[in-house]
Amino acid sequence: MDIFDFINKYENHPVLFLGTGFSLRYLKNSYSWENLLKAIAFEIKGDNEYFHDLKGQVYDRKTDKYDFMKLASLLQKEFNKVASTTENRNGKFKDINDEYYKKADEGISSDKFKIYISYLLKDLKLKEAKEEEIEIIKQLSKNISSIITTNYDQLIEHITQFDALVGNNILLSNPYGSVYKIHGSIEEPEGLVFTTEDYDDFDDRYDLIRAQLISIFVHNPIIFIGYSVNDINIKKILSTIYKYVQLNSREADRIRNNFLLVEYTEGSDSLDVLDHDIDVDGNTIRINKIKTDNYIDIYKAIEGLSLPVTAYQVKRVLDTVKEITSGGSIKVSIAEDIDDLKNSEKILAISPVTKTKIEYTYKEPSQLIEDYFDILHKKDESLIKLIDDMKISKSHWFPIYGFSSIYNGLSKLTVLQQQQDRKIEELLRSINCTKYLTLGFATIEDVLKTDIVAESYKIECIFCLIYNDKITLDDLEHYLQSFNSNRELNFKKLLCLYDQKKYK
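Residue numbers for the sequence shown follow the numbering used here, beginning at 520 and rising by one.
By construction, these hints were calculated from the structure, which means they are not laboratory data. Accuracy of the hints is not assured; some may be wrong.
Under the rule of at most 30 Å between Cα atoms (straight-line distance), these lysine-lysine pairs were calculated in the DSSO-like manner [what the hints assert, rightly or not]:
1. 897 / 1011
2. 644 / 622
3. 810 / 931
4. 621 / 600
5. 557 / 611
6. 904 / 954
7. 622 / 646
8. 584 / 762
9. 810 / 528
10. 1012 / 661
11. 611 / 564
12. 596 / 611
13. 989 / 646
14. 547 / 528
15. 657 / 754
16. 808 / 897
17. 954 / 968
18. 1020 / 954
Work out the full structure: start from the sequences and follow the hints.
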């Protein structure tokens, strides 16, 4: 069976389970576990001899394998010793020490070794040759329930714009649109699962998280990318599942059919999904496997999966249900027509199957503005087409250029473009930008922290600096994504400027 036929059988949104090989494929500055340890050892000793000495200490003759978790534990002790010397406190590892002691002042128990790992993996330097694959991954996210990863870097949340969850934040979370970082994230280096002690602690403390992951495995198709068939993470997952599910049961058969392991084979264009047997705890477990270098077609198969609703729509419903059940006020209404319900309220509609299909829709321009980045990221034409049916006053700030980059067939397009340009020009004429351009601000953070500009004038200062290319659009996007309220007028003004400069 080829990959398109295999994935077309899915009746639910799949989950991606990503390992080191995923980051190695797309990042210039990524490491295998062994090479990461080797790089750190070289940094503190200046050659590879120390690493090879450690490697010799953790070799197991019986299995003919190296215990890299144990090697990490040994390296951690030596690194922390070297980084803490008087010479290195304000020398080679000054930044690491500064970060460590800053966290200590904040009451956070961290580790210099892990902070250094987070520094090594911090920058996302994407491989230009993989741009097409990365673009398809962005598109297929509409059909992905959630993502689980043992990687520490922020690559996958950067590509998909999913919410990254670490540690106990995984518990009781909405899995849709989430990245479960089960071995930690560079954002919180003290929580990285890296050494023997870390893995032992992880196994002892995370029973509830493990139970939640098992629930996901039972109910969703799982696609493993970036692991080899003998990877310890794969075997641990299968071992855990089959502690609770009998090997010859109907549930076990369903889980098996839901599992797909994508194993990298350089230069192969194969799309064939084949059976593969794995020995787990003395039991033979059969899984589905594809050996290939043709990841584009795998991603296209996922992107082309046709299900009644998108994963994004399911996430919106689950978020609304969570808000209702967490103590919000609830009103019950009976309406013959969904249009009779007030648009200002969140609506959870329940309808018998005999009735006309009800679709999640937008009726106010503010709703499109609220989800601006999500809509553009997922290139959702169906929502953009609703703009022609909306009442958008001439006084409204509305970011049309980005939406028109996805769908340019709107009858209101020219009018809304002229309106957006006019609003920006009018605001600029009302501001004395010259006084802000001479202050030397290069980031939004500079403006927010300064006492030179009064609080009430900081937004207009940012507006002028963005318009005159003194602050980058990436900085503005980050600021807008973290804005406290995306219905505020200031948000809409900055969003319209961002939209015009990026998409006009």
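Structure-based check of all given hints:
At most 30 Å may separate the alpha-carbon atoms for a hinted pair to count; residue 897 and residue 1011 meet this at roughly 21 Å. Our distance criterion of 30 Å between C-alpha atoms is met by residue 644 and residue 622, whose separation comes to about 27 Å. Taking the CA atoms of residue 810 and residue 931, the gap is about 49 Å. The hint is violated against a cut of 30 Å. For the suggested pair residue 621 and residue 600, the alpha carbons sit about 19 Å apart, so the restraint of at most 30 Å is met.
Under the criterion of a C-alpha separation no larger than 30 Å, the hint pairing residue 557 with residue 611 is consistent with the structure, at around 18 Å. Only pairs whose Cα atoms come within 30 Å are accepted, and residue 904 paired with residue 954 is rejected, the gap being roughly 41 Å. A C-alpha spacing of about 33 Å is found between residue 622 and residue 646, which places the hinted pair above 30 Å, so the restraint is violated. A threshold of 30 Å between alpha carbons decides the hint, and for residue 584 with residue 762 the separation of about 26 Å falls inside it, so the pair holds.
With a CA separation close to 20 Å, the supplied pair residue 810 and residue 528 stays within the 30 Å bound. In summary, the hint linking residue 1012 to residue 661 is supported, as the alpha carbons are separated by about 28 Å, within the 30 Å threshold. The straight-line distance between the Cα atoms of residue 611 and residue 564 is roughly 12 Å, inside the 30 Å bound, and the hint therefore holds. About 17 Å separates the Cα atoms of residue 596 and residue 611, which keeps this hinted pair within 30 Å; it holds.
Proposed proximity of residue 989 and residue 646 is supported: the alpha carbons are some 28 Å apart, at most 30 Å. For the given pair, residue 547 sits about 35 Å from residue 528 by alpha-carbon distance, which is inconsistent with the 30 Å threshold. Of the pairs offered as hints, the one joining residue 657 and residue 754 holds, with about 29 Å between alpha carbons and a cut-off of 30 Å not exceeded. Our distance criterion of 30 Å between C-alpha atoms is met by residue 808 and residue 897, whose separation comes to about 29 Å.
Of the pairs offered as hints, the one joining residue 954 and residue 968 holds, with about 17 Å between alpha carbons and a cut-off of 30 Å not exceeded. Restraint check for residue 1020 and residue 954: satisfied, since their Cα atoms lie roughly 22 Å apart, inside the 30 Å limit.
Checked against the numbered hints given earlier, the structure breaks hints 3, 6, 7, 14 and satisfies all the rest.
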